[in-house]
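> Let chain A serve as the given structure and place chains B and C with the ligands on it in line with the hints.
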Amino acid sequence: MNYETVIGIEIHCELKTKSKMFSGAPVAVNMQPNTCVNEIDLGHPGVLPSLNKEAVRLSVLACSALNLKINPVVRFDRKNYYYSDLPKGFQITQQFHPIGEHGYIDLELEEGTKRIRINRLHMEEDTAKQYHADDETWIDFNRAGTPLIEIVSEADIRSAKEAMAYVEKLRNILVYLDVTDGKMEEGSLRCDINISLREVGTEAFGVKTEVKNLNSISNIERAIQAEVERQSALLNAGDVVEQATRRYDDGTKTTILMRKKEGTVDYKYFPEPNIPPIRLDQKWIESIQTSMPELPDVRHARYIGLGLSDYDAQVLISNKALSDFFDKLLKHTSYVKLAANYCISDLLANISQKELHDESYALKIEEMGQLITGLGKQDISSKQAKDIFVELLKGKDYQATIKELNIEQVSDTSVLSALIESVLAENEQSIIDYHNGKDRALGFLMGQIMKKSKGQANPALTNKLLLEELMKRKA
Amino acid sequence: MKRLDVQGFKDLANQLRFSLSDEEANDIKNEFDVLIDQMDLLNKIDTEGVEPMVYPFDEETSFLREDVAIQVLPVQEVLKNAPKEKNGFFVTQKVVG
Amino acid sequence: MDITKLKEMKSVQERVDEAVNKSHAYQADLNAMVSFIDPSEQIENLKHIDPQAPFYGVPVVLKDLVNMKGTVTTGSSGILENYVSPYDATITEKLRAAGAIIIGKSSCDTFGMGGTNMTAWTGPVMNPYDLTRMSGGSSGGSAVLVASGVVPMAIGTDTGDSIRKPASYNNIVGLKPTYGRISRYGVIPYASSLDHVGVFTRNVKDAALSLEVLAGRDDKDMTSSQLPVEAYAKLLNSDLEGKRIGIIQNVIDAIQNRETLNLFKDLCDQLTAKGALVQSIHLDEKLMHAFLPTYYIIANAEATANHANLDGLRFGVLHEGNSMEESMIRSRTAGFGKLLKKRFVIGSYALFTENQEEVFRKAQKVRRLIVEDLKRVLCEVDVVIAPASAQGAPKFDDVSIDQLSSEYLIAENYMALANFSGYPSITVPMGYVDGLPVGVNLTSAAFTEQLLLNVALAVEESTGIKDMIKEPKR
Ligand SMILES: [Mg+2]
Ligand SMILES: [Zn+2]
Numbered sequence: 006m007n008y009e010t011v012i013g014i015e016i017h018c019e020l021k022t023k024s025k026m027f028s029g030a031p032v033a034v035n036m037q038p039n040t041c042v043n044e045i046d047l048g049h050p051g052v053l054p055s056l057n058k059e060a061v062r063l064s065v066l067a068c069s070a071l072n073l074k075i076n077p078v079v080r081f082d083r084k085n086y087y088y089s090d091l092p093k094g095f096q097i098t099q100q101f102h103p104i105g106e107h108g109y110i111d112l113e114l115e116e117g118t119k120r121i122r123i124n125r126l127h128m129e130e131d132t133a134k135q136y137h138a139d140d141e142t143w144i145d146f147n148r149a150g151t152p153l154i155e156i157v158s159e160a161d162i163r164s165a166k167e168a169m170a171y172v173e174k175l176r177n178i179l180v181y182l183d184v185t186d187g188k189m190e191e192g193s194l195r196c197d198i199n200i201s202l203r204e205v206g207t208e209a210f211g212v213k214t215e216v217k218n219l220n221s222i223s224n225i226e227r228a229i230q231a232e233v234e235r236q237s238a239l240l241n242a243g244d245v246v247e248q249a250t251r252r253y254d255d256g257t258k259t260t261i262l263m264r265k266k267e268g269t270v271d272y273k274y275f276p277e278p279n280i281p282p283i284r285l286d287q288k289w290i291e292s293i294q295t296s297m298p299e300l301p302d303v304r305h306a307r308y309i310g311l312g313l314s315d316y317d318a319q320v321l322i323s324n325k326a327l328s329d330f331f332d333k334l335l336k337h338t339s340y341v342k343l344a345a346n347y348c349i350s351d352l353l354a355n356i357s358q359k360e361l362h363d364e365s366y367a368l369k370i371e372e373m374g375q376l377i378t379g380l381g382k383q384d385i386s387s388k389q390a391k392d393i394f395v396e397l398l399k400g401k402d403y404q405a406t407i408k409e410l411n412i413e414q415v416s417d418t419s420v421l422s423a424l425i426e427s428v429l430a431e432n433e434q435s436i437i438d439y440h441n442g443k444d445r446a447l448g449f450l451m452g453q454i455m456k457k458s459k460g461q462a463n464p465a466l467t468n469k470l471l472l473e474e475l476m477k478r479k480a
Numbered sequence: 002m003k004r005l006d007v008q009g010f011k012d013l014a015n016q017l018r019f020s021l022s023d024e025e026a027n028d029i030k031n032e033f034d035v036l037i038d039q040m041d042l043l044n045k046i047d048t049e050g051v052e053p054m055v056y057p058f059d060e061e062t063s064f065l066r067e068d069v070a071i072q073v074l075p076v077q078e079v080l081k082n083a084p085k086e087k088n089g090f091f092v093t094q095k096v097v098g
Numbered sequence: 004m005d006i007t008k009l010k011e012m013k014s015v016q017e018r019v020d021e022a023v024n025k026s027h028a029y030q031a032d033l034n035a036m037v038s039f040i041d042p043s044e045q046i047e048n049l050k051h052i053d054p055q056a057p058f059y060g061v062p063v064v065l066k067d068l069v070n071m072k073g074t075v076t077t078g079s080s081g082i083l084e085n086y087v088s089p090y091d092a093t094i095t096e097k098l099r100a101a102g103a104i105i106i107g108k109s110s111c112d113t114f115g116m117g118g119t120n121m122t123a124w125t126g127p128v129m130n131p132y133d134l135t136r137m138s139g140g141s142s143g144g145s146a147v148l149v150a151s152g153v154v155p156m157a158i159g160t161d162t163g164d165s166i167r168k169p170a171s172y173n174n175i176v177g178l179k180p181t182y183g184r185i186s187r188y189g190v191i192p193y194a195s196s197l198d199h200v201g202v203f204t205r206n207v208k209d210a211a212l213s214l215e216v217l218a219g220r221d222d223k224d225m226t227s228s229q230l231p232v233e234a235y236a237k238l239l240n241s242d243l244e245g246k247r248i249g250i251i252q253n254v255i256d257a258i259q260n261r262e263t264l265n266l267f268k269d270l271c272d273q274l275t276a277k278g279a280l281v282q283s284i285h286l287d288e289k290l291m292h293a294f295l296p297t298y299y300i301i302a303n304a305e306a307t308a309n310h311a312n313l314d315g316l317r318f319g320v321l322h323e324g325n326s327m328e329e330s331m332i333r334s335r336t337a338g339f340g341k342l343l344k345k346r347f348v349i350g351s352y353a354l355f356t357e358n359q360e361e362v363f364r365k366a367q368k369v370r371r372l373i374v375e376d377l378k379r380v381l382c383e384v385d386v387v388i389a390p391a392s393a394q395g396a397p398k399f400d401d402v403s404i405d406q407l408s409s410e411y412l413i414a415e416n417y418m419a420l421a422n423f424s425g426y427p428s429i430t431v432p433m434g435y436v437d438g439l440p441v442g443v444n445l446t447s448a449a450f451t452e453q454l455l456l457n458v459a460l461a462v463e464e465s466t467g468i469k470d471m472i473k474e475p476k477r
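Protein chains in written order, with our numbering: chain A, 6 to 480; chain B, 2 to 98; chain C, 4 to 477.
Chain A extracted, bound-state conformation (with noise of 0.2 Å):
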């Protein structure tokens, strides 16, 4: 039988805030355990939960880059049921008014563009984390209240190709708005996906099972394959998809049960009592949406602007911390191409991507923007560039490294002359080539002159006695 794909996704994305949602307490990474606790926290008796602005602040402006309508009086709602993880034996969660609803995003797929809907946006609490040991559970609250968004998405998505593009694209739009640090691996961005089949050319959506915590873009990739090859291969003999939570093993490369749906807990929502309605500033709203940091699809259709192809920039953009070092580096150069260039191959060949995101490379980018310069004005051949390249990534100075690696450039003219004068003897019919049109030829003389020269005449000097030369010769 021919099965149509149906997939919908959750996404929970920790805020870059500096203190919790709801308390004063730090919000922090790779800390000692219990170290970034107060008592509202750890849920003890008597506290109460106080809103966070600055998480206010980042979920208005996700909403605001992802299309949702922004409902300016914030509510929230417990989410109860008992669990270790969760200190006050409720989540506080936004589930009857959520701050969005109702927005999209495009995706760029090689078959033309495709909206994806997105159902809403809601603030919410983190809870703690576990760690099982063979007979125990140790519990570090620290990462316990951390604000998250969530953020679903309509179940409009047909492949694991269309999954992993949205994801990738909310979580650049998110990194770019400096919401979320969207790591995937450190859990600061987890994904849950609603797989169902249905057969082709029907409406009515199959049986849905749910896989949780995904935690890279390939791991997407694969629990939707898996769990497609799974579902369609119980439907084709006939059984049916039992509704249910799995998780993605990625050791066998198959989706395991978790636990059925089947008499699921209730979480017996209601309104948390202790937040009253806060509304929310128009003029506030207003400013954030105003201040928004240039999103990628922004950025794209500048860097085209700039001439760069649709690949590079693609490449760019893909990449915040990249991007934002090539934006850095056009303020020292102006050969873009070259700029887009050396960034996308030679930059990244050589600089990990946590330098580039912590900015803690010795490379000074004033000195490259030099380099790409030199370059440029062919001031430099581009297998100098290469070897000042090495230095400068060692934190060195462009005219510094040029002394020192001795590839002063010849540029006095009547050595280059000299040079050219033999070239042009040994190869007369290569200027008879150029004289007839054949700009073929110019690049060949020139070629011999590097050669000759080892590669230290002046480029663009070299040029234009080069053109002076043939241009006495044509009368």
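For the record, the hints were derived by calculation from the structure and aren't laboratory data.
Each residue gets a CB set at the ideal place from its N, CA and C atoms; glycine is no exception.
Hints may be right or wrong, so weigh each one.
[To be verified] Just some of the chain B residues that point at chain A, by a computed CB distance under 8 Å:
{"#": "1", "residue": "Gln8"}
{"#": "2", "residue": "Val73"}
{"#": "3", "residue": "Val96"}
[To be verified] In silico negatives: residues of chain B with every beta carbon more than 10 Å from chain A:
{"#": "4", "residue": "Met2"}
{"#": "5", "residue": "Lys11"}
{"#": "6", "residue": "Gln16"}
{"#": "7", "residue": "Glu24"}
{"#": "8", "residue": "Asp28"}
{"#": "9", "residue": "Glu32"}
{"#": "10", "residue": "Asp41"}
{"#": "11", "residue": "Asp47"}
{"#": "12", "residue": "Gly50"}
{"#": "13", "residue": "Arg66"}
{"#": "14", "residue": "Val69"}
{"#": "15", "residue": "Gln72"}
{"#": "16", "residue": "Gly89"}
{"#": "17", "residue": "Gln94"}
[Said to hold, decoys possible] These stretches of chain A come out as covered by chain B in the derived footprint (C-beta under 8 Å, 3 or more residues):
{"#": "18", "region": "30–40"}
{"#": "19", "region": "139–150"}
{"#": "20", "region": "275–281"}
Frame of chain A; chains B and C with the ligands shown alone:
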């Protein structure tokens, strides 16, 4: 209102993570019967078109807390009440499911 | 003797020693204290406090729901028997900044969930006027400690009438201000939308003074009010000229006890003589009959969630099982009394998705109608008034209460009006019925505490009952 039998109340209690003795469950069942009678008093009231009152006052507020990390407990205070603790972690018997 | 006079008459050491000694001496008879706090460090700390501070060196007691850093706060429950607060409630900070010396924590119904104080983990609290009778609850310990002269002020909380009813049974003043007037941060909740922090004192002036110290905006409690705090004590004025006082006729009609009714009538006559415009008002009788179930459903639904944090994993008494889930179940089963379990089960029933509209949200809708009805009445009068109870404190073994009678449904439960609405409400001594004290209750519109206290002062002057101390005697 749906009436529950003794076992029904025991199951409900279990969802709330405590258990009831037969006596306790019976006691609740009896109290529940009184409540159902009292609910009739409530059901006599026409609430058509009335919004549930969640807060004593309907006024919206505007306060949001500034994002500063100033309220942290020293780890000794965090763990002082911990019934079980190891290497700075709270410890419980293994979580099932 | 009011607090100001107490400060003039006795040294800090004298007044604190006296309070500590009495609290120990009366413990066998009253059973009002859950834990005692050594005051020496606080007395030492007074050197950082302005001697003019309103509670400078004045001994006070906290209901055992109020956190104070480094002290045991049990909520009069089993599960928190060993809980040592790692933080201060906002009111604890305020009291200490005002110079108060906190000498201990008082008994209450577990987590404030009761009206008898018989459900306290440490056992029932006795009424100093008759040790075979209950103190009332849930703030029973605080009430009897003030009534018996141990401390001039004690903190209580009030979710249905938990300050105002015990005040009535113990011949003292019990004030529950407007919702949001006093921060709830650090006070163990019963039901968040109905909970109020308030005070017991032996006279109206002390209640006003206490409110001044405790009231005010607290950013840690998002429901706390931004309105400025008035100089309640300084502005106290018992002039009733032109004040409109509305007798809640439904309550009067429901009360059977002639003595209570006569006391009340005498009081109203005196208030009229002082220039007040006293008139009868009627609340919607159908709504009044629904007070109790409305209250019971909302309070217990919120309470079930509020106490889901008690699982023995991070604090409290752990009874270990073979898994995390089993440990939770054992700890909660062992640490909750049967009354608590009953309330949690019923509260949870009301919240189930299939019941929520019909039960919980229905109660919330009726709550709105009740509040609108009160608002209507408070357009016509400045305060509403009625006896705070139909008679004196019941005996411990009193089983005569018919839970569906009007006297029970209306006369004994109407004070929840002020919790539904969040309006300020105060109980002041009214007189004696069968030799037992009975109070009178006044309620006014939101944030009109000054008006309420002024009328309360006039009541106090009319009855002449103030600064009463009843030492417990067998
Ligand atoms: Mg979800
Ligand atoms: Zn969520």
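> Hints first: check each against the structure and report whether it holds.
Against the structure, the hints come out as follows:
Annotation: interface hint on glutamine 8 (chain B) violated; nearest CB of chain A at approximately 16 Å, more than 8 Å. With a cut of 8 Å, the hint placing valine 73 (chain B) at the interface with chain A holds, because the nearest CB-to-CB distance is about 5 Å. Taking 8 Å as the C-beta contact cut-off toward chain A, the hint placing valine 96 (chain B) at the interface holds, the least distance being around 5 Å. With 10 Å as the threshold on Cβ separation, the claim that methionine 2 (chain B) sits away from chain A holds: the shortest Cβ distance comes to roughly 16 Å.
Every CB of chain A is more than 10 Å from the CB of lysine 11 (chain B) (nearest about 16 Å), matching its label as outside the interface. The claim that glutamine 16 (chain B) lies off the interface is violated: its Cβ sits roughly 8 Å from the closest Cβ of chain A, which falls inside the 10 Å cut-off. Every beta carbon of chain A lies more than 10 Å from that of glutamate 24 (chain B), the smallest distance being close to 24 Å; the non-interface claim holds. With 10 Å as the threshold on Cβ separation, the claim that aspartate 28 (chain B) sits away from chain A holds: the shortest Cβ distance comes to roughly 23 Å.
The Cβ of glutamate 32 (chain B) lies farther than 10 Å from every Cβ of chain A, with a closest approach of about 20 Å, so its non-interface assignment holds. Against chain A, the non-interface label of aspartate 41 (chain B) holds: every CB pair exceeds 10 Å, the least being about 23 Å. For aspartate 47 (chain B), the non-interface assignment is confirmed: its Cβ lies about 23 Å from the closest Cβ of chain A, beyond the 10 Å cut-off. Consistency note on glycine 50 (chain B): stated as away from chain A, and its beta-carbon is indeed over 10 Å from all of that chain's, at 19 Å minimum.
Not every CB of chain A lies more than 10 Å from the CB of arginine 66 (chain B), the least distance being 5 Å, so the non-interface label is violated. The Cβ of valine 69 (chain B) sits about 6 Å from the closest Cβ of chain A, inside the 10 Å cut-off, so the non-interface label is violated. Annotated as non-interface, glutamine 72 (chain B) brings its C-beta within 10 Å of a C-beta of chain A; the closest such distance is 3 Å. A cut-off of 10 Å between C-beta atoms contradicts the statement that glycine 89 (chain B) is not in contact with chain A; the least separation is 4 Å.
With a cut of 10 Å on Cβ distances, glutamine 94 (chain B) falls inside the contact zone with chain A, its closest approach being about 7 Å. Note: the region 30–40 of chain A has 7 residues with beta-carbon separation from chain B under 8 Å; the three-residue rule is met and the coverage holds. Judged by the Cβ-Cβ criterion of 8 Å, the region 139–150 of chain A is covered by chain B as claimed, because 8 of its residues qualify and three suffice. Evaluation of the coverage hint for the region 275–281 of chain A: fulfilled, as 3 residues show C-beta separations to chain B shorter than 8 Å, against a requirement of three.
Checked against the numbered hints given earlier, the structure breaks hints 1, 6, 13, 14, 15, 16, 17 and satisfies all the rest.
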